[in-house]
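Asks: Residue-level listing of the chains:
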Amino acid sequence: MRLHADITSAEVLDYLKAQEDKTLLRFLTCGSVDDGKSTLIGRLLYDSKLLFEDQLAALNAASATGNGNDGELDLASLVDGLQAEREQGITIDVAYRYFATEKRKFIVADTPGHEQYTRNMATGASTADLAVILIDARKGVLTQTRRHSYIVHLLGIRHVVLAVNKMDLVDYAEVRFNEIVADYQAFASEIGLDGVVAIPVAALKGDNVISPGEAMPWYRGPCLLEHLEQVDVAKTAEDAPFRFPVQWVNRPNLDFRGYSGTISSGRIRSGDEVMVLPSAKTSRVTRIVTYDGDLEEASAGQAVTLELTDQVDISRGDVIATTETPPEATDQFAAHVIWMHDEPLLPERSYLLKMANQTVPAVVTELKHTVNVNTMEQLAGKTLELNEIGFCNLALDRAVAYEPYGESRDLGGFVLIDRITNQTVGAGMISFGLRRATNLVWQELHVDKIARSSMNKQRPCVLWFTGLSGSGKSTIANLVERRLHALTHRTYILDGDNVRHGLNKDLGFTDADRVENIRRVAEVSTLMVDAGLIVLVSFISPFRNERRMAREMVGDEEFLEIFVDTPLDVCEARDPKGLYEKARAGDIKNFTGIDSPYEEPERADLTVDTTALSPDAAAEFVVAMLKDRRLIE
Amino acid sequence: MLTHLQALEAESIHIMREVAAEARKPVMLYSIGKDSAVMLHLALKAFYPSRPPFPLLHVDTTWKFREMIAFRDKIVAEHGLELLVHINPQGVDQGIGPFSHGSAVHTDVMKTQALKQALDAHGFDAAFGGARRDEEKSRAKERIFSFRSKSHRWDPKNQRPELWNAYNTRINRGESIRVFPLSNWTELDIWQYIHLENIPIVPLYFAAERPVVRRDGTLIMVDDDRMPLEPGEVPETKMVRFRTLGCYPLTGAIESTAQTLPEIIQEMLVASTSEREGRVIDHDQAASMEKKKQEGYF
Numbered sequence: 001m002r003l004h005a006d007i008t009s010a011e012v013l014d015y016l017k018a019q020e021d022k023t024l025l026r027f028l029t030c031g032s033v034d035d036g037k038s039t040l041i042g043r044l045l046y047d048s049k050l051l052f053e054d055q056l057a058a059l060n061a062a063s064a065t066g067n068g069n070d071g072e073l074d075l076a077s078l079v080d081g082l083q084a085e086r087e088q089g090i091t092i093d094v095a096y097r098y099f100a101t102e103k104r105k106f107i108v109a110d111t112p113g114h115e116q117y118t119r120n121m122a123t124g125a126s127t128a129d130l131a132v133i134l135i136d137a138r139k140g141v142l143t144q145t146r147r148h149s150y151i152v153h154l155l156g157i158r159h160v161v162l163a164v165n166k167m168d169l170v171d172y173a174e175v176r177f178n179e180i181v182a183d184y185q186a187f188a189s190e191i192g193l194d195g196v197v198a199i200p201v202a203a204l205k206g207d208n209v210i211s212p213g214e215a216m217p218w219y220r221g222p223c224l225l226e227h228l229e230q231v232d233v234a235k236t237a238e239d240a241p242f243r244f245p246v247q248w249v250n251r252p253n254l255d256f257r258g259y260s261g262t263i264s265s266g267r268i269r270s271g272d273e274v275m276v277l278p279s280a281k282t283s284r285v286t287r288i289v290t291y292d293g294d295l296e297e298a299s300a301g302q303a304v305t306l307e308l309t310d311q312v313d314i315s316r317g318d319v320i321a322t323t324e325t326p327p328e329a330t331d332q333f334a335a336h337v338i339w340m341h342d343e344p345l346l347p348e349r350s351y352l353l354k355m356a357n358q359t360v361p362a363v364v365t366e367l368k369h370t371v372n373v374n375t376m377e378q379l380a381g382k383t384l385e386l387n388e389i390g391f392c393n394l395a396l397d398r399a400v401a402y403e404p405y406g407e408s409r410d411l412g413g414f415v416l417i418d419r420i421t422n423q424t425v426g427a428g429m430i431s432f433g434l435r436r437a438t439n440l441v442w443q444e445l446h447v448d449k450i451a452r453s454s455m456n457k458q459r460p461c462v463l464w465f466t467g468l469s470g471s472g473k474s475t476i477a478n479l480v481e482r483r484l485h486a487l488t489h490r491t492y493i494l495d496g497d498n499v500r501h502g503l504n505k506d507l508g509f510t511d512a513d514r515v516e517n518i519r520r521v522a523e524v525s526t527l528m529v530d531a532g533l534i535v536l537v538s539f540i541s542p543f544r545n546e547r548r549m550a551r552e553m554v555g556d557e558e559f560l561e562i563f564v565d566t567p568l569d570v571c572e573a574r575d576p577k578g579l580y581e582k583a584r585a586g587d588i589k590n591f592t593g594i595d596s597p598y599e600e601p602e603r604a605d606l607t608v609d610t611t612a613l614s615p616d617a618a619a620e621f622v623v624a625m626l627k628d629r630r631l632i633e
Numbered sequence: 001m002l003t004h005l006q007a008l009e010a011e012s013i014h015i016m017r018e019v020a021a022e023a024r025k026p027v028m029l030y031s032i033g034k035d036s037a038v039m040l041h042l043a044l045k046a047f048y049p050s051r052p053p054f055p056l057l058h059v060d061t062t063w064k065f066r067e068m069i070a071f072r073d074k075i076v077a078e079h080g081l082e083l084l085v086h087i088n089p090q091g092v093d094q095g096i097g098p099f100s101h102g103s104a105v106h107t108d109v110m111k112t113q114a115l116k117q118a119l120d121a122h123g124f125d126a127a128f129g130g131a132r133r134d135e136e137k138s139r140a141k142e143r144i145f146s147f148r149s150k151s152h153r154w155d156p157k158n159q160r161p162e163l164w165n166a167y168n169t170r171i172n173r174g175e176s177i178r179v180f181p182l183s184n185w186t187e188l189d190i191w192q193y194i195h196l197e198n199i200p201i202v203p204l205y206f207a208a209e210r211p212v213v214r215r216d217g218t219l220i221m222v223d224d225d226r227m228p229l230e231p232g233e234v235p236e237t238k239m240v241r242f243r244t245l246g247c248y249p250l251t252g253a254i255e256s257t258a259q260t261l262p263e264i265i266q267e268m269l270v271a272s273t274s275e276r277e278g279r280v281i282d283h284d285q286a287a288s289m290e291k292k293k294q295e296g297y298f
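Residue numbers (the working numbering), protein chains in the order written: chain A, 1 to 633; chain B, 1 to 298.
For reference, chain A alone in the conformation it holds in the complex:
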């Protein structure tokens, strides 16, 4: 609504009252680079007269320097925000725009069409309820159109508008429009995308954006804005079962303990019985507390604080739910993962998974297949590269309450975070739980680790020797074992080379295989520690992440990381196995220190500098540490 300068204050109050009842629609626009996304958004802003004069002046100035629209306003320059983008003439990130009409307020995510920026499109789609997919009427359905439609579908957007743009360049021909729509519908039903609304538009001229215009009398449907104002995206979130992920435990004083969070679905009334997941304990809601007073009832989308009758132990990340149909809890599930980082996904590497207010260590245990987003073909793969999509099994450190993504974005959508760089490296959508958490029962054993180790007069542990090839790991480990043996301790050595002859002979030296190599050795070490042994592991183990994974598998108190610190040039000069020479000659690929990195430990339990210590002296240090820590008597 556009007001006039002579409006009365009563009219302003009426206007404000009307504004209060507006709803919000979040949508994204996607399409290929030249389809005119930014122009379309610029047109929506321009035609709904939400541009201020100074922005218009800047726009006219930009158009004058401009990129050949024959004196037309360069609407795209309004939307392309960052300087780099203005220079390149493309949109490289997600930009958010805001406008309102009498009926609705809109948040628009403008997302890039370039192939390498799939991750940004997924980002924009994750919070959108509707997608406007643009097609250039001259070009029809392109590979990019398919890709964007697939991502839109994958991210669970149920409302799609197919905006067939640049109709002015195909003489506003109905035949062409129908042809494109038929083409698209065939593809859309293939991937399960329904409810597509197709609209012919000319964004540059404005036809069918805000108003019909006169060029396409054959089209009788709503124009774009009209459709956006009317479309009913009120999901059934309020009617779905009650879910409330606890975000913050609210404890102002000893008399009050409440649980703050946003209701993810359903509704709650004070007095309702609830279940807390994953513990499955039940309780009852006594109060729904807000700053504006207690509520009798609250529903999906509201941020509230719940007080419960019983003093059940609830912490951040727990989910308070209806007792009738509580969500399941699992520590393993299958999910689609979109990879968002230059460093590829490595199965078995430990990442942090963040979902519904909790952060849990997680590994991809199996990459079942990757998806070619252009053809929807399923392919075999060992890793996921930037912008690739895969279907994976994931295992978490502990069980969490979840829902399939199709039912809940909050309880089914997660991000993966690199544990060292803290970058967000991937995003995932849960398909289903693998339920092993509840079906697989741990066999109770009567003779346990403590019983075994007390007989041995030692506390079992893993001595993890890491360092470059030729640094002296195996030499020192052997000397340590001889000393321990002389002291009648029970030991075992797992040596990198030897294990690769048997248990790990199927593995190569790619990053993915190195991770699996370490995982298996860590598993075997854990079993041996359980058997009461002192295990000496002598492995290059170049990545911090994998050593951390091994530490977590074995347990912090029983894992001692020993860094055999020998400079590369010294190792290379020693070259006991002649490997460096081969690597330098290019006969061995992925050789640590040459063309594959070695990440030094940041906090090793012991660092042995072999340029200053003899192997015997180094072994003495290791034995002294074991005595110090009372692992041996």
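No wet-lab data here; the hints were simulated from the structure. Where a beta carbon is used, it is the ideal one built from N, C-alpha and C, also for glycine. It cannot be assumed that every hint is accurate.
Pulled from the structure, derived: some chain B residues nowhere near chain A, Cβ distances all over 12 angstroms [what the hints assert, rightly or not]: (1) Asp73; (2) Gln90; (3) Val109; (4) Glu142; (5) Tyr205; (6) Leu250; (7) Pro262.
Some chain A residues judged to face chain B by a derived CB distance under 10 angstroms, without partners named [stated by the list, open to error]: (8) Tyr15; (9) Glu297; (10) Ala300; (11) Ala356.
Position chain B against the provided structure of chain A, taking the given hints into account.
Replies: For chain B alone, coordinates are given in the frame of chain A:
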């Protein structure tokens, strides 16, 4: 179905609680303006019945309107909040000011550098700011949780993807996150919300007779006697108000008779200039905000 203001409110509260739950030592940047007023109001709501579990930080350039400082102290006392005020001591020693050094140097030393000093000195790892994406183009692309390097730099090409409301708050020691809970609010939303919730704001937003001089087409209020007058320049008393608040020498007034919120909103709806127009720093160069932000400006 929530109304759009209810939806925005719930989103902002969610963001604030997330920071309270995950940051080691958060702080709320409080600039005293209308956006800060809304942000503080939302913080009171988010943690009720607890108080907001973080202090407010005001980076004072010593050139704020006097009414802003009085308002700040009143609000803080009313709600029993913890307020930290930081002024760049080197800037004071060197006598940095907008009249003597120009807006660019003044803003850099007394705002950008001062902010970094305060964040470093207290070791804050997360700082709330009241910026909105509709204010300015480079803001439109910034994440809600916006990562800063050890030297407080923003890298627009290396932003973390932000999906759903699964915000990645993890950082290494010395790094920090700026958090913008009002990212998705527009100027109109802010005013409507202030109206709907009766949120107190600095009286400078309402029209009153104030002493002003016109310089380069901008009306500057003579707030104290540090303002050097040009030969022959005489302050005139005009009915004016401010659409944004900052350092008085850098903030343009508009002529107006709007003395109530509905009148302000009415004026805003028919206004023909966007709100940052009144801020002198944005005009320095094209894409100037993006540059400032990369260097650590909020």
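Asks: Hints first: check each against the structure and report whether it holds.
Replies: Cross-check of the supplied hints:
Every Cβ of chain A is farther than 12 angstroms from the Cβ of aspartate 73(B); the closest lies at roughly 23 angstroms, confirming the non-interface assignment. For glutamine 90(B), the non-interface assignment is confirmed: its Cβ lies about 30 angstroms from the closest Cβ of chain A, beyond the 12 angstroms cut-off. Once the 12 angstroms rule is applied to beta carbons, valine 109(B) is consistent with being away from chain A; the minimum gap is 24 angstroms. Listed as a non-interface residue, glutamate 142(B) fails to keep its Cβ farther than 12 angstroms from every Cβ of chain A; the least gap is roughly 9 angstroms.
With a least CB separation of 16 angstroms from chain A, tyrosine 205(B) remains clear of the 12 angstroms interface cut-off, as annotated. Once the 12 angstroms rule is applied to beta carbons, leucine 250(B) is consistent with being away from chain A; the minimum gap is 17 angstroms. In this structure proline 262(B) is not separated from chain A by more than 12 angstroms, as the shortest Cβ-Cβ distance comes to only about 4 angstroms. About 8 angstroms separates the beta-carbon of tyrosine 15(A) from the nearest beta-carbon of chain B, less than 10 angstroms, and the hint is met.
Taken as an interface hint, glutamate 297(A) does not check out: its beta carbon lies about 14 angstroms from the nearest beta carbon of chain B, beyond 10 angstroms. Because the beta carbon of alanine 300(A) sits about 8 angstroms from the nearest beta carbon in chain B, less than 10 angstroms, this interface hint is met. A hinted interface residue such as alanine 356(A) counts as satisfied when its beta carbon comes closer than 10 angstroms to some beta carbon of chain B; here the least separation is about 8 angstroms, so the hint holds.
Checked against the numbered hints listed earlier, the structure breaks hints 4, 7, 9; every other hint is satisfied.
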